[in-house]
Structures are given as C-alpha cells and as structure tokens.
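Asker: Please model the entire structure based on the sequences and the hints provided.
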Amino acid sequence: MPSELPLRNEKTTEEIALGIRRRVFEHTIRNNGGYLSQACSSAEQLAFLYNEALHLGEPTLPMIPEPFGGVPSANNPDYVTGAGYNGPFEPQHDRLFIAPAHYALVAYATLIETGRMAPEGLEMFNKDGSSVEMIGAEHSPGMEVHNGTLGIGLSTGAGLAWGRRRNGDTGDVCVFMSDGEVQEGQTWEAVQAAAHHGIDNLWAIMDVNRQQCDGAMEDVMQVGDIRQKFTDFGAHCVEIDGHDLSAMRQAKAEKHEGKPLIILAYSSPTHGMAILERRFPRLHYVRFKSQDERADFNQAIAAELGIDPIAY
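1 is the number of the first residue of the sequence shown in the working numbering; add one for each residue after it.
For the record, the hints were derived by calculation from the structure and aren't laboratory data.
Among these hints, one or two may not hold up.
[As the list claims (entries may be wrong)] Pairs of lysine-lysine residues, derived as DSSO-like cross-links and limited to a Cα-Cα distance of at most 27 Å, are as follows: (1) Lys289 to Lys127; (2) Lys11 to Lys252; (3) Lys229 to Lys255; (4) Lys252 to Lys229.
[Unchecked claim] Okay, the calculated beta carbon distance ranges per label pair: (5) Lys255 to Glu14: 18 to 28 Å; (6) Glu293 to Lys127: 19 to 29 Å; (7) Asp296 to Val80: 20 to 30 Å; (8) Ala295 to Gln228: 43 to 53 Å; (9) Tyr79 to Thr149: 37 to 47 Å; (10) Gln222 to Ser290: 29 to 39 Å.
Just so it is clear, CB atoms sit at the ideal spot from N, CA and C, and this is done for glycine as well.
Answerer: Following this line, the structure appears as structure tokens:
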C-alpha cells in the first residue's frame with residue numbers, strides 16, 4: 001500500500017538533509033553507482049526548499065509512481081507531468097523547476113524524506129518502463145518540464161513567472177540550479193530578460209559545488225565572478241554557505257523588488273562523505289572500481305552518516 005503523507009514539519013530541515021544523503025548513499029551502494037557528490041552538496045538546499053521555503057500543496061499523484069504513461073498527444077489524454085508530487089497548479093502555490101536533471105536521484109530522495117513519494121519509488125530508479133528516470137524528465141516525480149539540456153531551467157522559470165504575474169497568481173516560481181549552468185548563454189539571457197521585465201516573482205538557488213561531468217569547473221571553463229555577472233545582468237544576487245540553513249533563510253528574505261533573486265549557495269561535493277575526496281575531481285557519478293573500494297566507501301560513509309554499513 002502507498003505510504004501515508006506525514007504531518008507537516010514532522011522532521012526538521014536538518015533531519016531531512018541527513019535523510020537525503022543516507023538514501024542516496026544506500027541506493028549508490030546497492031546499485032554500485034550513483035550521484036553521491038550531488039547529495040553531498042545540495043541536500044540542505046533541497047531540504048530547505050521543500051520543508052521551509054516553498055508554499056506547495058499536497059501531492060496529487062500516487063505515492064508509488066506509476067509507469068511511464070507515454071508522451072503528450074491527442075491520443076494520450078491522461079498524460080500528466082511529475083509536478084503533481086509538488087502539489088496542484090493553484091494560483092497561491094509556488095512552482096518549482098529542477099534545472100539540473102542529473103540531480104534527479106537527490107530530488108527523489110527529497111520527495112521521500114518530505115513524505116511526497118513512497119520509498120518504493122526509489123526502487124524503480126532507472127528501470128525500463130519506469131517514470132523514475134535516472135536523468136529526470138517531465139514525467140518523473142517532482143519534475144514539470146524536461147531540463148536535460150542543461151541551462152534552460154531559468155528561462156523556463158522566467159517565462160512561467162511572467163505569465164503567472166499577468167494572471168494575478170500570488171505564488172512564486174523557484175528554480176533549483178547548478179553552477180555548470182553559468183557556462184550556458186541561455187542562463188544569462190534569462191536573467192537579463194527577467195530584470196528587463198521586472199519579473200520579481202522569480203527566484204533561484206544555485207548549488208555552486210564547482211564540479212561538473214568533465215571534472216572541476218575551473219578546469220573546464222573559467223567563469224569568473226558570477227555574483228558580479230548576475231548583478232550586472234540585473235539580478236539581486238546573494239552569496240551564502242550552501243550548507244548553512246540560517247544563511248539560506250536570510251537570503252530568501254532579501255528584498256528584490258523589480259528583480260529576480262539569485263542565491264549562490266557555495267557547497268562542498270564531499271560534505272558528509274569525506275572519502276569522496278579520493279575521487280577528486282572526478283565526482284560527477286561514482287561507480288566503484290572494485291569490490292574492495294565499494295566496501296571501503298560503504299564503511300567510511302556509513303560511519304560518517306551515523307548508520308550501519310549497507311548490506312548488498
């Protein structure tokens with residue numbers, strides 16, 4: 001049977017962040033691979049969004065995700081996006097876009113920890129016919145659009161925020177981003193357009209973990225002072241420690257009338273899993289090279305996260 005939705009605020013945001021890391025770690029050990037560094041860097045940010053910052057309604061989709069139901073078409077009238085896990089599309093509710101689709105495993109763990117998806121959903125991850133995609137798609141839990149082309153999320157959010165304001169909706173639009181997106185020109189066009197049109201019902205939090213699939217950000221492309229760039233393009237931009245929840249709360253409360261708000265959350269891709277430093281700078285996706293390495297990571301990370309090693 002699907003799990004029941006727990007009472008709101010049953011867990012603290014800190015507890016949710018720890019739970020996210022534990023779930024991603026367990027999944028990675030059992031499946032001999034996973035997005036560990038993204039859980040290390042972004043757990044507090046996603047926990048903050050779902051448990052504190054966003055005004056979301058109750059989920060409208062089954063707690064145990066249904067199989068992939070096909071793409072939108074005239075012959076598929078029952079098609080739905082995965083955004084139903086974030087609640088209904090009502091004027092007073094916020095909307096969330098997960099721009100880096102490769103954070104999907106961490107996003108699913110967040111849905112489970114906040115009572116929006118059943119734990120069984122994670123068992124469907126990356127399985128044939130499943131909607132719980134490895135790279136989140138528009139039908140995946142918590143997703144509303146496909147952001148597999150990194151860098152389009154802020155544009156999507158800006159467009160929706162502009163439309164919502166014209167409709168008189170009171171809910172905001174939030175975009176969760178990764179710092180690799182500042183290497184994409186569309187990100188800067190989105191900020192400039194949002195500033196020009198005064199789209200201040202748009203805000204974003206960016207996981208600045210300085211990593212991407214090809215290694216360290218600085219080795220792939222130098223991006224300079226991104227706070228100054230966001231400011232020059234018209235945003236109100238704040239820098240914080242991406243693991244400091246108090247700093248997140250203060251940043252979210254910043255006044256930004258007439259401008260989008262961009263929160264740069266500087267984080268560590270090994271936070272809570274120090275053994276990952278052995279893999280630096282190749283941290284994008286961790287697949288163990290041997291059974292001995294898998295066992296070493298299992299013991300070390302479990303101890304750091306305060307749980308028993310995972311049986312596999």
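Asker: Going through the numbered hints above, which ones does this structure break? Give me the numbers in ascending order.
Answerer: 7, 9
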